[in-house]
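Asker: As a plain string of letters, each chain reads:
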Amino acid sequence: MNDLTPDQTARATALKGMGSSRKRVEDARFTQGKGNYVDDIKMTGMIYGDFVRSQYAHARIKGVDTAAALAVPGIIAVLQAADLAPLGLHWMPTLAGDKQMVLADGKVLFQGQEIAFVVGETRAAVADACELVVVDYEELPVVVDPFKAMAAGAPVLREDLAGQTKGPHGDRIHHNHIFRWEVGDKPATEAVLAGADVVAEEMVYYHRTHPCPLETCGCVASMDKINGKLTMWGTFQAPHVVRTVASLLSGIPESSIRIVSPDIGGGFGNKVGVYPGYVCAIVASIVTGRPVKWIEDRMDNLMATAFARDYWMHGKIAATAEGKITGLWCHTTADHGAFDACADPTKFPAGFMSICTGSYDIPVAYLGVDGVYTNKAPGGVAYRCSFRVTEAAYFIERMIEILAIKLNMDAAELRRINFIRKDQFPYQSALGWEYDSGDYHTAWDKALKAVNYTGLRAEQATRLADFKAGKTRSLMGIGLCHFTEIVGAGPVKNCDILGMGMFDSCEIRIHPTGSALARLGTISQGQGHATTFAQILATETGIPADQITIEEGDTDTAPYGLGTYGSRSTPVAGAATALAGRKIRAKAQMIAAYLLEVHDNDLEWDVDRFVVKGVPERFKTMKECAYAAYNQAIPGLEPGLEAVSYYDPPNMTYPFGAYICVMDIDVDTGVADIRSFYALDDCGTRINPMIIEGQVHGGATEAYAIAMGQEVAYDEMGNCMNSTLMDFFLPTAWETPHYTTDHTETPSPHHPIGAKGVGESPNVGGVPAFSNAVHDAFRSFGLTQSHMPHDHWRIWRIANQLGLHE
Amino acid sequence: MIPAAFEYHRPKAVADAISLLTQHGDDARAMAGGHSLIPMMKLRMAHIGHLVDLQDIADLKGVTIGASIRIGALTTQAELINNTALTTAAPILKEAALQIADPQIRNVGTVGGNVANGDPGNDMPGLMQCLDATYTLTGPRGSRDVRARDFYQSAYFTSRKDDELLVAITFAKPVGGYAYEKQKRKIGDYATAAAAVQIAASGGRVTAASIAMTNLSDTPVYSAAAGAALVGTACDAAAIKSAVTAMLLDINPASDNRGPVEFKRHLAGVILGRAIARAFSRA
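Read top to bottom, the protein sequences are chains Y and C. Those letters in the first sequence? Residues 1 to 806, per my numbering, in order. Those letters in the second sequence? Residues 1 to 283, per my numbering, in order.
Everything labelled a hint here was simulated from the structure, so no lab data went into it. Each residue gets a CB set at the ideal place from its N, CA and C atoms; glycine is no exception.
Which chain C residues face chain Y? A few, computed with CB under 7 angstroms, are given here:
1) M1
2) I2
3) R44
4) Q183
5) K186
6) I187
7) N257
8) G259
9) F263
10) L267
11) V270
Label pairs and their computed distance ranges (CB to CB):
12) D40(Y) to T88(C): 42 to 52 angstroms
13) Q104(C) to A188(Y): 53 to 63 angstroms
14) K42(C) to E434(Y): 50 to 60 angstroms
15) R44(C) to E806(Y): 39 to 49 angstroms
16) K347(Y) to I105(C): 42 to 52 angstroms
17) G74(Y) to D256(C): 35 to 45 angstroms
18) R44(C) to D160(Y): 31 to 41 angstroms
19) A155(C) to G74(Y): 35 to 45 angstroms
Below 30 angstroms or equal to it, Euclidean Cα-Cα: the simulated DSS-like pairs (lysine-lysine) are:
20) K99(Y) to K229(Y)
21) K468(Y) to K406(Y)
22) K161(C) to K42(C)
23) K184(C) to K468(Y)
24) K42(C) to K42(Y)
25) K493(Y) to K347(Y)
26) K42(C) to K34(Y)
27) K471(Y) to K241(C)
28) K471(Y) to K186(C)
29) K471(Y) to K184(C)
30) K184(C) to K241(C)
31) K148(Y) to K99(Y)
32) K583(Y) to K493(Y)
33) K186(Y) to K324(Y)
34) K583(Y) to K613(Y)
35) K422(Y) to K186(Y)
36) K173(C) to K184(C)
37) K62(Y) to K42(C)
38) K99(Y) to K493(Y)
39) K241(C) to K468(Y)
40) K173(C) to K241(C)
With the sequences and hints as input, model every part of the structure.
Answerer: As structure tokens, then:
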């Protein structure tokens, strides 16, 4: 080195690599209204399609009169199931191995189901025509309760499955049954329960809600009849999967299908699946030869595209008198609605619900899940979580609290004595997972100290005494949660969706002047991939993040990957990025060695350059290596500097965290004020602390919404009660609590950079923290379980049923 | 959510608006801020052939403060909030308006539209009943005045005729303490329960009290008996309880996503009790 060379720290800082709170490069366009979303796409000759949807939750379709609709000026066609049947497209496979009607085939099974697809020159004409399509319904009995659906005399919902006793996930035991999935050792668990000092038992319901991204689902399909190429722009969280499915459904070769995900306004699992709108837009484009746009409105989105949760989790937890947990038993009734349209890895019909032993060393466990059809919208997607991980975390974190009540123990201490210890990792869970790493005690103690847990409990006791003395009508709740996630699906040996292995990919081109382009198989929906993946590459290759362009979402250019959901982008595509970067560096090292006339092994990497060991003034920067790669004949090396990496993870990653919520509850009005919310996250190596903090704020806010008011409810007739944002709770800045974020850092031992993923942790951990705070406020009055959402009237009802009103 | 086609009219004078309403009859609707009507049109629950947009009618705007207070129907909620003279004269208006929706909506939503639409969820109708306001309606047969307390018949049904416009709201300058207490699920929501209270007091005793409740029946509910229960008392716990008991006889809430009837009745009592206590403390 010489005097003009900045020191290592200065050069590392200039790269804005891993660990830098680099500002999001996406925000310049998003904050100025200059994003390019699917509804911004305009094409010459583009026409529009929209659905006539069912008013009823269960009805036979006796006829559909389209004459008046077709008479509306500008209307081109009204597609029905019979029009799609010759193409075999009136039904489509779901990602869960079930099949789903694209357009009503003889009957409808949920309110909002697609009956006909109206295609016309303008959106206004299509809206007019949809209103004029007359559907002749014959109402059928409606089942919205999964337990009633499994009764002997329950109405048959899926007539198409009549007589089929085998489903894609094993035996069907009832005409409304989808699958039974069992993990663990049932006899051993039941033996432990039978002989335990203490058993706590409860039904824990995680209600039905909806991801409700700000941008709804939609697409533009364009079939070019000249070259036979289908191009489709859409709100796809997994564009490559959509291409493969589209090819399998249509018979068009994948080479003639181009799927593009432009900017996406939030996904949260809602945009993983394949929806009837995509199929109908493709068919309409093939029929008309013109680009066809389909965009959901908010009601369509809330009523018809994939919901989340609706899990009835019956739990039993056994412990010694001292509180050491000895066994966990869970039977879940999973309400999937009319079609099983989950997007779980195929071998996991209940996703990773088997992570329900949580952060605890539980020697024996059993999980059984029965999937059930009802007259509700199809789905069961992972709303800002890895597959069914929020359900699992909510279940175990409620069961711990319920056990603490039964043992008359402090719930923080009960957790502490049951945590998997640091020295037990890698830890084999009773339900079959190998937890890669963790340090729960350190995180827990840090969290309890940060919030002054002892002081909070003392204050709570004083408040309780004042309440009982009639001095206040406010109770204080302390909501604890220590969650363990399982993300980064996943190893191809056990994770695939419809046979597509869940690896991911990164392809890098270093340009001659030392800037770079990297493309990945994932797709950002607001996560900031263009920012963070560039940071990984900056650290790996020594190219400043500001000079690295990240591209995703165009299947014609991006390498194949399984997309973005389940916090898999950093664990899987992030690893591919690091490894592709290392391939670049390996070639660059050979180039540098040639240029410096030394052996490869005589060089060492120093932030952005290769330095001759012991001779620091002799070096070649990555920028110099890149130029030489293209412009200098180097014996034995091909020109160019490119790399591609496909990464099949050896294991999942297991982020964890400790969350503590403090709330004050007005027992007379049911209003809960969130006084504080502390979130400690351990996501392994931290790539961009600012983005992590933003992710925690966003995920915790969705958790707040879900726990405190957000739901999709149905009346007995199957009418959706929350189909607009007036009744579906999305918190505004006004309702959103203030968050205090914190972290510990336990890198994943098997991940190239030790990163674990974080986007979904705050939702997974936040929901139990909020819900436990509500329960905790009423613990001393005997409350053990009250189902979410904890909106005003339900909290009031708790107080009312506990006799706290006059 | 796209409305069916409609003709758009933008008259500059009340007479022109009345003439359009007369000419098109049932097929025409007047629109003030549009925050109730436009969503109904987009949902195709309202089919309007002729939309008569009132926003260019200068005569419908403005606030006049004298012995009584006159508010033009097209005055926005934001204008109410920002009118310091009005806040001095009738502070309950600002307290209530700040609890309506959010700033963007308050910039467009009008007091006239809020009271004339007949939506039981709206906050201003109960408030105007509390203030014993008078609505001035103008139609082809001239103008007439209707008390807010007599105006509401059932949800979306009022004593306004289809060819009449609500042009102004007038009420005597209120005296004493005030409170508009509202519980809602979130910003932008209608009340789960809300209470408008004005209390005049002298020597620690209530001399006059006016109470109206929002979104607890299919109309706003002016409860004369609840107010009467406070008069002559020191507004102590027993008096508040009497007022609440009287009010509960006058409301008839329905179960909805905000909660069951039992909860709403209980909450109505809590909210009214708090409103009375706050109003009395300011009296």
